[in-house]
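Colleague: Spelled out, the chains give:
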Amino acid sequence: MYIGIDVGGTCTDAVLLSEGKVRSTAKIYNTPNNLLTSLVQALDSVMKGVSAGDIERVVLSTTMITNLIVERKYDPVGLLIMPGPGRKLEHYRNADVHILSGAIDYRGREIIPVNEEEVLQAIKEFDAKGYNKVAVVGKFSPRNNRHELQVAELVKKHKPHWQVEMGHRAGGQLNFPRRVDTTVLTCATKEKYRYFVQSVNEALKKRDIKAQVFIMKADGGTMTLESSEQSPVETIFSGPAASTLGAQALTAAGETSLVVDIGGTTTDLALILSGKPLLSSKGVMVGDKLTQVRTLAVKSVPVGGDSVVEMVGKELIIYSERMGQPYCLGGPFPTPTDALNVMGLTRLGDKDRAWEAMSRLGKWANMSPVEVAKNIINLVVDTIVKEIENMFLEWEQEPAYRIWEVMQKRRVRPQNVVGVGGGAAGFVPQIAIRIGGTPVLPPYASVANAIGAAVARPTLQVTMRADTEQNIFSIEEDGYQGKINRSPFGFEQALDLAKEWLINKASRMNIGDQMQDVEITRREVFNIVRDLKTTGKIYDICVQTPRGIQWHIGAGGKLI
Amino acid sequence: MKKRTGLVFFPAFDWSIAPIHPEREERLLYTRDQIFEEGVLDLPEIIEYRPQVATPHEIARAHFCVPGVDDQVLVAHRIAAGAAIRLSDRIMSGEINNGFAIVRPPGHHAMRVVHGNRGFCSINNEAVVVEHLRRTYGIKRIAIVDTDVHHGDGTQDIYYHDPDVLFISFHQDGRTIFPGTGFTDELGGPTAYAATINIPLPPGVTDSSLLYVIDNLVLPILKDFEPEFVINSAGQDNHFTDPLGSMLITAQGYARMTEKLKPDLAVLEGGYAIESALPYVNLAILLALAGRDYSYVTEPGNHPGKIVENSQVTNYVHQVVDQLQQMWDKRKDVTVSQLCGGSKYYQRHKNIFYDTEYFEEKQLEKVRACVSCPGYVLIDSHAAQPKIGRCRVMAISIHNRCCKNCIAEAWEAYYEAKKDYRYSYVYLQDKTDDTFITFRRDDQKEWRTEG
Numbered sequence: 001m002y003i004g005i006d007v008g009g010t011c012t013d014a015v016l017l018s019e020g021k022v023r024s025t026a027k028i029y030n031t032p033n034n035l036l037t038s039l040v041q042a043l044d045s046v047m048k049g050v051s052a053g054d055i056e057r058v059v060l061s062t063t064m065i066t067n068l069i070v071e072r073k074y075d076p077v078g079l080l081i082m083p084g085p086g087r088k089l090e091h092y093r094n095a096d097v098h099i100l101s102g103a104i105d106y107r108g109r110e111i112i113p114v115n116e117e118e119v120l121q122a123i124k125e126f127d128a129k130g131y132n133k134v135a136v137v138g139k140f141s142p143r144n145n146r147h148e149l150q151v152a153e154l155v156k157k158h159k160p161h162w163q164v165e166m167g168h169r170a171g172g173q174l175n176f177p178r179r180v181d182t183t184v185l186t187c188a189t190k191e192k193y194r195y196f197v198q199s200v201n202e203a204l205k206k207r208d209i210k211a212q213v214f215i216m217k218a219d220g221g222t223m224t225l226e227s228s229e230q231s232p233v234e235t236i237f238s239g240p241a242a243s244t245l246g247a248q249a250l251t252a253a254g255e256t257s258l259v260v261d262i263g264g265t266t267t268d269l270a271l272i273l274s275g276k277p278l279l280s281s282k283g284v285m286v287g288d289k290l291t292q293v294r295t296l297a298v299k300s301v302p303v304g305g306d307s308v309v310e311m312v313g314k315e316l317i318i319y320s321e322r323m324g325q326p327y328c329l330g331g332p333f334p335t336p337t338d339a340l341n342v343m344g345l346t347r348l349g350d351k352d353r354a355w356e357a358m359s360r361l362g363k364w365a366n367m368s369p370v371e372v373a374k375n376i377i378n379l380v381v382d383t384i385v386k387e388i389e390n391m392f393l394e395w396e397q398e399p400a401y402r403i404w405e406v407m408q409k410r411r412v413r414p415q416n417v418v419g420v421g422g423g424a425a426g427f428v429p430q431i432a433i434r435i436g437g438t439p440v441l442p443p444y445a446s447v448a449n450a451i452g453a454a455v456a457r458p459t460l461q462v463t464m465r466a467d468t469e470q471n472i473f474s475i476e477e478d479g480y481q482g483k484i485n486r487s488p489f490g491f492e493q494a495l496d497l498a499k500e501w502l503i504n505k506a507s508r509m510n511i512g513d514q515m516q517d518v519e520i521t522r523r524e525v526f527n528i529v530r531d532l533k534t535t536g537k538i539y540d541i542c543v544q545t546p547r548g549i550q551w552h553i554g555a556g557g558k559l560i
Numbered sequence: 001m002k003k004r005t006g007l008v009f010f011p012a013f014d015w016s017i018a019p020i021h022p023e024r025e026e027r028l029l030y031t032r033d034q035i036f037e038e039g040v041l042d043l044p045e046i047i048e049y050r051p052q053v054a055t056p057h058e059i060a061r062a063h064f065c066v067p068g069v070d071d072q073v074l075v076a077h078r079i080a081a082g083a084a085i086r087l088s089d090r091i092m093s094g095e096i097n098n099g100f101a102i103v104r105p106p107g108h109h110a111m112r113v114v115h116g117n118r119g120f121c122s123i124n125n126e127a128v129v130v131e132h133l134r135r136t137y138g139i140k141r142i143a144i145v146d147t148d149v150h151h152g153d154g155t156q157d158i159y160y161h162d163p164d165v166l167f168i169s170f171h172q173d174g175r176t177i178f179p180g181t182g183f184t185d186e187l188g189g190p191t192a193y194a195a196t197i198n199i200p201l202p203p204g205v206t207d208s209s210l211l212y213v214i215d216n217l218v219l220p221i222l223k224d225f226e227p228e229f230v231i232n233s234a235g236q237d238n239h240f241t242d243p244l245g246s247m248l249i250t251a252q253g254y255a256r257m258t259e260k261l262k263p264d265l266a267v268l269e270g271g272y273a274i275e276s277a278l279p280y281v282n283l284a285i286l287l288a289l290a291g292r293d294y295s296y297v298t299e300p301g302n303h304p305g306k307i308v309e310n311s312q313v314t315n316y317v318h319q320v321v322d323q324l325q326q327m328w329d330k331r332k333d334v335t336v337s338q339l340c341g342g343s344k345y346y347q348r349h350k351n352i353f354y355d356t357e358y359f360e361e362k363q364l365e366k367v368r369a370c371v372s373c374p375g376y377v378l379i380d381s382h383a384a385q386p387k388i389g390r391c392r393v394m395a396i397s398i399h400n401r402c403c404k405n406c407i408a409e410a411w412e413a414y415y416e417a418k419k420d421y422r423y424s425y426v427y428l429q430d431k432t433d434d435t436f437i438t439f440r441r442d443d444q445k446e447w448r449t450e451g
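In order, the protein sequence lines correspond to chains C and U. So that you can map any letter, position 198 of the first sequence is 198 in the numbering used here, and since no number is skipped, the others follow by simple counting. So that you can map any letter, position 220 of the second sequence is 220 in the numbering used here, and since no number is skipped, the others follow by simple counting.
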């Protein structure tokens, strides 16, 4: 049996799945500042009548790190960067940052060496200002980490108790500014994240659960609780990913669906293309920081059931902020939820108050309450449909760097519009009509996030770049760099090396049984030619475990 | 001032002319690495677009492909041209201020008649855009500034008789480099005199002399011509490390030049120092287009005082600029009848060498020396291209501003050529109503495409 838990800002949702069926669900209001209590309560309420020994796997998603970052409640981090030649980095020129000599090029060759004097000076200044956390990031460090290692070692030598994080480990993709922010956030959140991990371990221990424990990532995959301690940033935006996977589990396999999660103030849109959630081509943006964290393509629209509605002149306007509950639930202002109530599309709240809200809005424009309610619903649907169209256009317009990528893309529109979240029932049928899909309101939609967590599978990916001219290879996800020591080293050997790396990683995480089919998502070979002679090859290879979910709970809920 | 700059990056990682050919998969690999690593795609003023695929009709507006578009043009070419079209549309819609198509394969050696690939080019990406802009948006005056180290002989060929398209090319002197043309006396046909400007430069020119040419010749001419749209054929082989060229330009020089030219659209042409130049030059140009600070973009091994220009080179450059300034000032005194000796047609013989597949084309090109319009062009071309063997064709091009008489004469010439058994194919490109017709003698078939 599998348990899925979504730890949100106000609620903790949990489900217990058995053989692809929902055994029980729970919604617990969080006890402030006491994660342990909430977790234990959630476990107790879904595990009634179940022995702890039957639990095989527990998967959690959490907004904890997301909220820490958005609210800027993380620790200050001193930053040592080696940007070398290139773009002028205006915004790094402040007190927390030291720009050091040292530069590496795109193939990992040294252009300018590190100046150790500068590093010592920087350590002194950080010390004087009271820092004890330092991020060391170099441009092109994923191609050669020598400079980062050298600087980090110096810091460790002089300040053994400082926490030092390096760019090539925290952010192995090619994007220096994002690597800087990802490394800083990793450095800043590790200590606080440890509290979350401890609480989870304690809660499970209290209930004698010895199952494997995983944490959701923003890309819909999972990692072990233990390995997540090294990269807490990977847990950000795992909530929307969990909802998307939940919607996927609650619809038939292989279909193309649009997931519409209508909450209080925002509506999250996600795409499932032929049964696979669409990944974003860029990393997550959290607060004002762009990271390298891979994520599902989730688009947030600032409109929801609790958005404030006002009549300006003869025009209705929906504001993005929330000013409390809907009027029919005792709130101060009319909202889309009141409109739904008037139209009989929700039973939420007090009917008389909902009518009162609508007639108040309609008074000046000489509109009946029903007319007002209809207009509000249309306006919400319009706003969401427009963003849906944009989302498809953006997907169709994603850059392509290969001929086959340009030629293969077709126009796609969803078969299903899957509604989850509080406001879904009222709006989803109309959205579906507008974009020509079948509306689906699955059972258990209110705990889709926890279901998504429970069905999520561990995902591992290995991106390898090997350069046979220099006889080196690197693994992006692990920040590993080493020498190629097999000969001959052709494409087959390179692919084998990447696969071995993936399999070893899987067995370290104790999920070696999932390695039957490895997917190859990139296989590129570049001839390095100098003076008309082939002097080596560059192999760019990416392998991963198959993406997908553990079970489909069913394809119920279709409204035709 | 910061601007919104569109980028189409199409490195064609799955296409090459041949595995060790300079035009191979690896060419833009390190440029990709540099641009990604710098995070420029996250800048709010840079918007990346997907390329589109140019249609055969869009290509036929600029070229007579023998025997047909599909025989000469690969998908890679259509995507590179489509990338430039995409950006031109976004610029015209006002979504972006300017754009950079970092694409391969290149195109500026592709001429009006295409029997094969020459100088790594099959179709002319800039010409496809020019015809698209004229047809779709009614733009009248367009300038193309070719900053590749090689003479943009293809672009020159296509617009040699077009007074509405100003073609300016500076390049290393043709006596020292492929394709061996582009001298100061190549100034365009009688109806388009001084709409072609060639600035041959001696080997060894550095940033300072290059910027001298831009300031004292290119910019004043552009100002007088008043183009509505400026395209830069941005070849990067003037770089001091380029293996084919012998110039001494740096990434900073390229960026400064771009800042001065202010092109609406830059399209990558040549440049084969794929490690030492391209990553830095492409980055510097992109930043310059976006109005960002590029002063920290320096290539490894380049330091102040390293690159010095020989004073003879400086003097020679000043002389070339002087000579062309005088020509430009007196251009209006030269009449159509002076240029063609009073005869009805102006004609020239051309031998065109296709260096990729090693064969030659012979052309007789005639333009109607009309005093009231740009005239129409007749091209009698034959070549023994490897694809179909020996073949002679007649190609007729009608300018979009042709007068009624010229249109009638051109169509008459088309009907006559159809009767002439020597021509295996006869083509007519009528830009006044955007039609393109192909006639095949074998089976007497005629196709027509319309925009």
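These are computed hints drawn from the structure, not numbers from a lab. Take the hints with a grain of salt, since some may be wrong.
To be verified - Mimicking DSS-like on lysine-lysine, the simulated pairs with C-alpha atoms at most 27 Å apart in a straight line are:
id: 1; chain 1: C; residue 1: Lys206; chain 2: C; residue 2: Lys190
id: 2; chain 1: U; residue 1: Lys3; chain 2: C; residue 2: Lys88
id: 3; chain 1: C; residue 1: Lys206; chain 2: C; residue 2: Lys156
id: 4; chain 1: U; residue 1: Lys306; chain 2: C; residue 2: Lys88
id: 5; chain 1: U; residue 1: Lys362; chain 2: U; residue 2: Lys262
id: 6; chain 1: C; residue 1: Lys88; chain 2: U; residue 2: Lys260
id: 7; chain 1: U; residue 1: Lys362; chain 2: U; residue 2: Lys260
id: 8; chain 1: C; residue 1: Lys282; chain 2: U; residue 2: Lys3
id: 9; chain 1: U; residue 1: Lys262; chain 2: C; residue 2: Lys88
id: 10; chain 1: U; residue 1: Lys140; chain 2: U; residue 2: Lys330
id: 11; chain 1: U; residue 1: Lys3; chain 2: C; residue 2: Lys289
Colleague: If a hint holds in the structure, say so; if it does not, say that too.
Modeller: For each hint, the structure was consulted:
no.	hint	verdict
1	C/Lys206 / C/Lys190	24 Å, holds
2	U/Lys3 / C/Lys88	17 Å, holds
3	C/Lys206 / C/Lys156	38 Å, violated
4	U/Lys306 / C/Lys88	23 Å, holds
5	U/Lys362 / U/Lys262	38 Å, violated
6	C/Lys88 / U/Lys260	20 Å, holds
7	U/Lys362 / U/Lys260	39 Å, violated
8	C/Lys282 / U/Lys3	23 Å, holds
9	U/Lys262 / C/Lys88	21 Å, holds
10	U/Lys140 / U/Lys330	23 Å, holds
11	U/Lys3 / C/Lys289	23 Å, holds
Comparing the model with each earlier hint shows violations of hints 3, 5 and 7; every other hint is respected.
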